[in-house]
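Student: Protein chains in written order, with the numbering used here: chain A, 1430 to 1839; chain S, 214 to 367; chain R, 35 to 201.
Please note that the accuracy of each hint is not assured.
List of simulated lysine-lysine pairs, BS3-like, C-alpha gap at most 30 Å [said to hold, decoys possible]:
(1) A:Lys1481 with R:Lys156
(2) A:Lys1717 with A:Lys1481
(3) A:Lys1817 with A:Lys1636
(4) A:Lys1481 with S:Lys240
(5) A:Lys1627 with A:Lys1817
(6) A:Lys1476 with S:Lys303
(7) S:Lys240 with A:Lys1717
(8) S:Lys222 with A:Lys1636
(9) R:Lys166 with R:Lys156
(10) S:Lys240 with A:Lys1476
(11) A:Lys1476 with A:Lys1717
(12) S:Lys240 with A:Lys1636
(13) R:Lys113 with R:Lys156
(14) S:Lys240 with S:Lys261
(15) R:Lys166 with R:Lys113
(16) S:Lys240 with S:Lys222
(17) S:Lys261 with A:Lys1636
(18) A:Lys1592 with A:Lys1717
(19) R:Lys156 with A:Lys1600
(20) A:Lys1592 with R:Lys156
(21) S:Lys222 with S:Lys261
Read the hints as simulated data drawn from the structure, not as lab findings.
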Amino acid sequence: MSKRTIIPIGPYHALQEEPEFFKLHVEGETVVHLDIELGYNHRGIEKLSESKDYEETVFLVERICGICSTSHPIACVQAVEEAGEIFVPERALFIRSTLGELERIHSHLLWLGLAGHFLGFNTIWMWAWRFREDVLNILELISGNRNHYAMMKPGGVRRDIDKADIPAIDKLLDGLRDPIAMFRDTVIEDPLLNARTKGVGILTREKAIAYGALGPTARASGVDIDVRRDHPGAAYGMVDWDVIICQNGDVFDKAVVRILEMFESIRIIEQCLVNLETAQGPIDSDPKIVATGEGIGIYEAPRGEVFHYIRSDGSNRPVRHKVRAPSFMNVPTNCETVLGETVADATIILAAVDPCYCCTERMAVAVDCDGGERLWDARDLMRLSLDKTDRLMEETGWTGPRPPDYLLKD
Amino acid sequence: MGIDDTITKISAELGDRMLEIDRHSDKRAYLEIAPQTVIASAQLMYQKLGARFQIATGVDIREGFEIMYHWVLDDEGLIITMRTMLDHEKPEVDSIAPILPAAEWIEREMWELLGINFRGHPDLRHLLLADDWPQGNYPLRRNHSPGADGGVTP
Amino acid sequence: MNYAINALTRSLNVFHLGGSACNNCDIEILDALTPRYDLERFGITLVGSIRHADVLLLSGIFNKKSAIRMQELIAQAPKPYLVIAIGGCPCTGLMFRDSYNWDRMPGEYVHIDAFIPGCPPKPEAIISAVVKLVDALRSGALVPGCLQEPSEAGELVPEAAGAAELN
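Construct the complete structure from the given sequences, taking the supplied hints into account.
Tutor: Structure below.
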C-alpha cells in the first residue's frame, strides 16, 4: 500500500529553510505531485502603489525584487509613459538598456552560482559570484549602489553615464568574456554536469505554451519569444543581438540559454556605450503631469517578461497598478517538470526556472511511498543532491573537485 | 497582420458580442465584451489566433468590477486587451482556467483580493493571503481601508 | 556569561531568515561569503538549521504569514544567540508599513541585538556592524537579548511544540 508523504523544499536559496515546519516521513524516490504554496512574500505592493505618486511608485517597485531591481522600474515607467503619452529622449533609452543588460549578466551569474551550489559544485558558486562582483562594480560606478540603482523615472533616467567612465566599463566588460566562456565550456563539456542536467526536468514546448512560460524557461523549450525583439522598448531596436533558443527544455538547455545570453548582453552594452557618444542631449523629458489614460509596460527581465499596467486619471497617483512578475507564469511549470523525477533531482529542477526569491516561497512535494519510517528534512534533500553527484563521480571515474566537508557533515 | 487587421478578424468572429472597440495605438487595443463572452473570447485568442495569455487585471471601479484579459501576439508585437464589466453586488464570471492552465493562478489571486467568483475554476483557494485571512475582507476593493488592521470602511 | 560571550564572538554560525524580503539583503549576505569579501576565512559560516546557529539574521518585513513562522523558529534557537536585523525592512518596515499585509515591527516581538540599516547594506557595512557588535559584547556594553530577563517582548513569543525539551 503506498502512502503519499510531503517533503518540503525551501525557497530557491537553500540556506533559508525552516526545518521545524517540514519534518516529514519519506520513503521511495519518485515525485508524483507538486503543490506550491505562496504568500510569504506578499507585501501588498499593488495597493500601496495607489497611495504613492508616480515617482515614489518607481522606488516601491524597485524593491519588489532585489535581483530584477531594474526590470520592474523600467516596465513601470514604460507603462506610465504609455498612459500619459510621455516622450523619452534617446540618450535615456541607451542608458536604460545598458542598465538592463548589466542586470541580466549579474542575475544569470547569480543563478549559475546557485545552480552549481545545488549540484555540489561550490567552485562554480564561488567563481560565478566572484565575476559577478565585476558587474556590480560597473553598476556601482554608474549608479552609486550595487543593487537598487534608483535610475529610472517616468520620462527618462535620473543619472547620466559619465564619458570618463566608459573606458573603465568597457575594460571590465571585456574581462568578463573569458570567464563566461569558461563557464560555457564547463557546462557543455563536463561529464558530471551533463549527467546531472541533461534530460532532467524536461518542459515540453506544448506545456511551456499552455502555462504561458516566459524568458529562458520558455526559450529553452523552443518557444521563440523575447520581449526585447518582439516589443522593442528602450534601445533594443537600435542595436544588434541574437535571441538564444534551445529545443529540449531540460535543465541543461536552461543553463545553456542563460550562459549564451550573457554574451549577447555584453554585445548590447558595448553598442549602447558607443551610441552614447553620439546620442547627446537630455536624459529626461521632465514631465509635469501624467495625462489620463492607461498604459502597459513590458520588459524582458532576466527571468522573462515583466508586466506593469497603469491606469491614470490625471492626478499624481495611479488609479490601478497591476504588476506581474515572470515567475508567476514560470513557477507553475514546475508542476510538469518535476513529475516522475527523483527527489535528488528535485532541487535543481525547481531552481532551473530561476524563481525570483520574492516571487517564490514554499513548495511542497508529494512523494509516493510504501510505509516505513525515515526522517528527512531540507538539509537531507541537499545531501541527496550531493550524494547523487558523488555516485555519478564514482560511476564515471571523474575525479573533479569535491564539495567542502562542512557541507557534508553536521 | 497589424492591429487593424487583427481587430477586424476578432470582430468578425465575435460579431455583435463585441461591444466596443478602442484602437489605442499601433500596438495596443482594448476591446469590450460581455461577461458571457469571456470563454469564447479566450478560445478565439488562444486557440484560434495563437495569442499568448499575458495576465488578467481586476479593478474595482464605480461601474462595477472590471476584468481585463491581456493577450499578446508576439509575432506582431501587439497587446490586445479584452475587458468585461461585472456587477458590483455579485461579481462572478466563468473561469478560463479549464482551457488555459496559465490562467489558474491569476484567477485565484483576483478571487482572494477582489472577491470575484470564477465559476468552474478547478482549485479556487488562497494563493497569496494567509489561509486564516478574514472572510469577506478583500484588500483591493475600494472600501478596504489602508493599513494593517485591514478594516472595511462602510 | 563568559562562555556565552566566547560563543558569540568567535567563529560564528549564522542562520539567515528571510521574511517577505526582496532578497537584496540576502544576496549581500551571501556576497560577504564569496571571494571578494570572504568572511569564511574568519570562521563565519552559514548553517542550514537554527539549532546550529549563533547568530540569526533577519531580513524583510515579516508579513502576516511569515511573522508567525519567525516567532516559532526563534523559540527553538538554543541560547546563547544574537539576533541581527539586516536592511531597512526589519528595522522600520520602510514603505511597506501601510500595507494590508504588514504585521508589526519585528522588534516588538523579538529582541533584536543589532540593526544594520541600508537598502541593501553593502557587505562592508555588514562586516563593520559585526565588528562593532563583537567589540560591544566583549566590553560588556551589550548584553545579548536572549540572556536578559524576560521582557514583555519575550513573553509574546509563543511556546512552539518541542521547544521546551530543547532548552
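Student: Could you work out which earlier hints the structure fails to respect and list their numbers in ascending sequence?
Tutor: Per hint list: zero violations.
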